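Participant: Chains as they are written, first to last, in my numbering: chain A, 16 to 483; chain B, 15 to 186.
Please keep in mind that the hints were generated in silico from the structure rather than gathered at the bench. Predicted model, so just to flag it, every value in this text is computed and none were measured. Think of the CB as a built atom: it goes at the ideal place given N, C-alpha and C, for glycine as much as any other residue. Be careful, since some hints might not be right.
Said to hold, decoys possible - Label-pair ranges, simulated between beta-carbon atoms:
(1) A:Val-156 with B:Thr-153: 25 to 33 Å
(2) B:Asp-128 with A:Leu-427: 41 to 49 Å
(3) A:Ala-142 with B:Ala-118: 37 to 45 Å
(4) A:Leu-253 with B:Gln-40: 44 to 52 Å
(5) A:Asp-221 with B:Ile-36: 41 to 49 Å
(6) A:Gly-79 with B:Asp-120: 36 to 44 Å
(7) A:Arg-464 with B:Val-22: 43 to 51 Å
(8) B:Ala-118 with A:Arg-86: 35 to 43 Å
(9) B:Trp-32 with A:Arg-119: 27 to 35 Å
(10) A:Asn-35 with B:Val-22: 31 to 39 Å
Claimed, not checked - Some chain A residues near chain B, calculated using beta-carbon distances under 7 Å:
(11) Ile-47
(12) Asn-54
(13) Leu-95
Said to hold, decoys possible - Listed next, the stretches of chain B that the computed footprint assigns to chain A, with coverage defined by at least 3 CB atoms under 8 Å from CB atoms of chain A:
(14) 17 to 25
(15) 30 to 37
Here's the letter readout for the chains.
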Amino acid sequence: MSSSTHTSTIGAIGAPSRRNTELALLVFAVLIPIFAYANVGLAINDEVPTGMLGYGLGLGLLAGVAHLIVRRFAPYADPLLLPLATLLNGLGIVLIWRLDQSERLQQASTFTAGAPNQLMYSALGIALFVGVLLLLKDHRVLQRYTYISMVAALVLLLLPLVPGLGRNVFGAKIWISVAGFSIQPGEFAKIALAVFFSGYLMVKRDALALASRRFMGLYLPRGRDLGPIITIWAVSLLILIFETDLGTSLLFFGLFVIMLYVATERTSWIIIGLGMSVAGAVGVASFSSHVEARVNAWLDPFGCYADSGACEQIGQSIMAFGSGGVLGTGWGQGNSDLIGFAANSDFIFSTVGEELGLAGVMAFLLIYGLIIERGVRTSLAARDPFGKLFAIGLTGAFALQIFIVAGGVMGLIPLTGMTMPFLAYGGSSVIANWALIGILIRISDTARRPAPSPAPSPDAEMTQVVRP
Amino acid sequence: MSELTLTVMRLGFLALLWLFVIVAVQVIRSDLFGTRVTQRAGRRNTEARQAPDRQSSGQGAPPRQQGGGGRQRRGAPTKLVVSEGTLTGTTVALQGQTISLGRAHDSTIVLDDDYASSRHARIYPDRDGQWIVEDLGSTNGTYLDRTRLTTPTPVPLGAPIRIGKTVIELRK
Numbered sequence: 016m017s018s019s020t021h022t023s024t025i026g027a028i029g030a031p032s033r034r035n036t037e038l039a040l041l042v043f044a045v046l047i048p049i050f051a052y053a054n055v056g057l058a059i060n061d062e063v064p065t066g067m068l069g070y071g072l073g074l075g076l077l078a079g080v081a082h083l084i085v086r087r088f089a090p091y092a093d094p095l096l097l098p099l100a101t102l103l104n105g106l107g108i109v110l111i112w113r114l115d116q117s118e119r120l121q122q123a124s125t126f127t128a129g130a131p132n133q134l135m136y137s138a139l140g141i142a143l144f145v146g147v148l149l150l151l152k153d154h155r156v157l158q159r160y161t162y163i164s165m166v167a168a169l170v171l172l173l174l175p176l177v178p179g180l181g182r183n184v185f186g187a188k189i190w191i192s193v194a195g196f197s198i199q200p201g202e203f204a205k206i207a208l209a210v211f212f213s214g215y216l217m218v219k220r221d222a223l224a225l226a227s228r229r230f231m232g233l234y235l236p237r238g239r240d241l242g243p244i245i246t247i248w249a250v251s252l253l254i255l256i257f258e259t260d261l262g263t264s265l266l267f268f269g270l271f272v273i274m275l276y277v278a279t280e281r282t283s284w285i286i287i288g289l290g291m292s293v294a295g296a297v298g299v300a301s302f303s304s305h306v307e308a309r310v311n312a313w314l315d316p317f318g319c320y321a322d323s324g325a326c327e328q329i330g331q332s333i334m335a336f337g338s339g340g341v342l343g344t345g346w347g348q349g350n351s352d353l354i355g356f357a358a359n360s361d362f363i364f365s366t367v368g369e370e371l372g373l374a375g376v377m378a379f380l381l382i383y384g385l386i387i388e389r390g391v392r393t394s395l396a397a398r399d400p401f402g403k404l405f406a407i408g409l410t411g412a413f414a415l416q417i418f419i420v421a422g423g424v425m426g427l428i429p430l431t432g433m434t435m436p437f438l439a440y441g442g443s444s445v446i447a448n449w450a451l452i453g454i455l456i457r458i459s460d461t462a463r464r465p466a467p468s469p470a471p472s473p474d475a476e477m478t479q480v481v482r483p
Numbered sequence: 015m016s017e018l019t020l021t022v023m024r025l026g027f028l029a030l031l032w033l034f035v036i037v038a039v040q041v042i043r044s045d046l047f048g049t050r051v052t053q054r055a056g057r058r059n060t061e062a063r064q065a066p067d068r069q070s071s072g073q074g075a076p077p078r079q080q081g082g083g084g085r086q087r088r089g090a091p092t093k094l095v096v097s098e099g100t101l102t103g104t105t106v107a108l109q110g111q112t113i114s115l116g117r118a119h120d121s122t123i124v125l126d127d128d129y130a131s132s133r134h135a136r137i138y139p140d141r142d143g144q145w146i147v148e149d150l151g152s153t154n155g156t157y158l159d160r161t162r163l164t165t166p167t168p169v170p171l172g173a174p175i176r177i178g179k180t181v182i183e184l185r186k
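Turn these sequences into a full structure, and let the hints guide you.
Facilitator: Structure representation (structure tokens):
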């Protein structure tokens, strides 16, 4: 009878705390950008750059502080998340510094040296990371703020539309300017959205998963359960129409579909979601000139190369990838600065493609992939349903963003204005992604922590009499 | 800077980057290979057991439970392991305290299981140190292997206690 079901339990061997592994990897992750920095200096100016010591110390200090805080306040956290993020952040600063040295970009009227700012943003990001670990002792606290997060996310997403606050930068309205700083609120909205979706789906997933009719091999949900997905779809279309930003609306809707699929295990949601996003995107592209220009630039970048700035950017980016070849031209020896505007933010991955080649691009994508893998692993290991959904939501947003940006600059999908997490120049992006890594580290600490032994109850003898 | 130096640095950097990726993957290896797979013990013992009612008196139970061998005489269980259900992998050390199971938030093991009652069952040691499982009037019942419990029943090592979708067993 029951011997036919062969059951086994899987547990980890050895200490779950891997802090020393993390420290070793972190040292490695700080040394690689320093080497890259020296390499750029040697290639461009024939000398080791003077700022190398300060820059290396700065990155090392940030990583050290982050490590000590993790060691003290999240001792069982995943050992890979922090080193991987540090490596990406460090290499991002080197890439931005390398583009700062470009004479072509220095001639532009809007030129400002990005690397010092980016180091400052990284410091702010690490500060927020530390803040998350210190203040968020248990991620389940966030469950209480399910609907507040929804409001916060919607406000953040719609802020750029407020007159006087929003700024229209080259067609996309995704920035706001406050006290001289321009902020991209969409970056912070993705964390708030993940909180809302996980809190909402945790409660509603049974209704969404079980109450359905079977039609042509697909489980179709009931009409009333379709309400939320249609609402979210409408909101993401509104973003697409009024902010003319394909990336944010794709991220917003894609995140919801991913979490819906994870929560309900129903493939039909993926199919419904893909169908709805394709229908929405085609519909909007047919009457929004900005989106239409992006789609044309994607379909044939060299056909409209001379006429449109969008086509020229994409064309330059694709040529950068092509001239990189397999092993790349080497740090500081490419011409990816020809991309011009946004070379160090949206198009930073083209510089990787040209100067480090296919080998470098693959390594970068693998590093991103490892962060995503650790996120999914954290979600699998988490013991509470909210933590599971929350971790997969954060990871899904991170993964979608990488797909949208990397796919855009390589010409796989239409280009949208989003930033490559940690690499690209931009304060909001770096800060929000450090907060995201901080929350993932907090969840993984809870998930990997050995179960505490329950306190023996002294009353048990009296109140719970054993009758033989 | 000579062409040769720059080429060496270019290839060196790529090698270093890939080395980092490989080292990181080695750290992850422990997820795949550094795990311990515990086969569920005492399968034959539990199958040889009779209806639990006959041995509901706590004392004298250990010798009768043994289908094959003095497994239990050698050592009492030291931990309770959840082997199936949403809490899979959870262990609780057995230190002589009563373990309550159910959906109520003050249970020792809070079951996230739609088929469990809020106070579903408890597991406690009797005077001889034998662990007993008792159903607390739950709706769907507590099963020891395939038998629904009606009275407090001693739990042999490795016998599955089934509550809804959750399976719990005692291990050494």
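Participant: So, for every hint listed, does it hold in this structure?
Facilitator: Here's how the hints hold up against the structure:
Look at Val-156 of chain A against Thr-153 of chain B: about 32 Å separates their beta carbons, and that is inside 25 to 33 Å. As the Cβ distance of Asp-128 of chain B to Leu-427 of chain A is approximately 43 Å, the hint placing it in 41 to 49 Å holds. In this structure the supplied range 37 to 45 Å holds for Ala-142 of chain A paired with Ala-118 of chain B, their Cβ-Cβ distance being about 41 Å. The hinted window of 44 to 52 Å between Leu-253 of chain A and Gln-40 of chain B holds, with their beta carbons roughly 47 Å apart.
Distance hint check: the CB atoms of Asp-221 of chain A and Ile-36 of chain B are about 43 Å apart, consistent with the given range 41 to 49 Å. A beta carbon spacing of about 42 Å between Gly-79 of chain A and Asp-120 of chain B agrees with the range 36 to 44 Å that was offered as a hint. Distance hint check for Arg-464 of chain A and Val-22 of chain B: the Cβ-Cβ separation is about 46 Å, which falls inside the suggested range of 43 to 51 Å. Between Ala-118 of chain B and Arg-86 of chain A the C-beta distance comes to about 36 Å, which sits within the given range of 35 to 43 Å.
Checked against the hint of 27 to 35 Å, the C-beta distance between Trp-32 of chain B and Arg-119 of chain A comes to roughly 31 Å, which is consistent with it. About 32 Å separates the C-beta atoms of Asn-35 of chain A and Val-22 of chain B, a value consistent with the hinted range of 31 to 39 Å. Interface restraint check: Ile-47 of chain A against chain B, minimum CB-CB distance 6 Å, threshold 7 Å, status holds. For Asn-54 of chain A, the suggested interface contact is upheld, since its CB lies about 5 Å from the closest CB of chain B, less than 7 Å.
Taking 7 Å as the C-beta cut-off, the interface hint given for Leu-95 of chain A holds, the closest approach to chain B being about 6 Å. For the segment 17 to 25 of chain B, the stated coverage by chain A is satisfied: 6 residues place a CB nearer than 8 Å to a CB of that chain, which reaches the threshold of 3. Here the segment 30 to 37 of chain B counts 6 residues with a CB under 8 Å from a CB of chain A, which clears the bar of 3, and the coverage holds.
The structure is consistent with each of the numbered hints, conforming to all of them.
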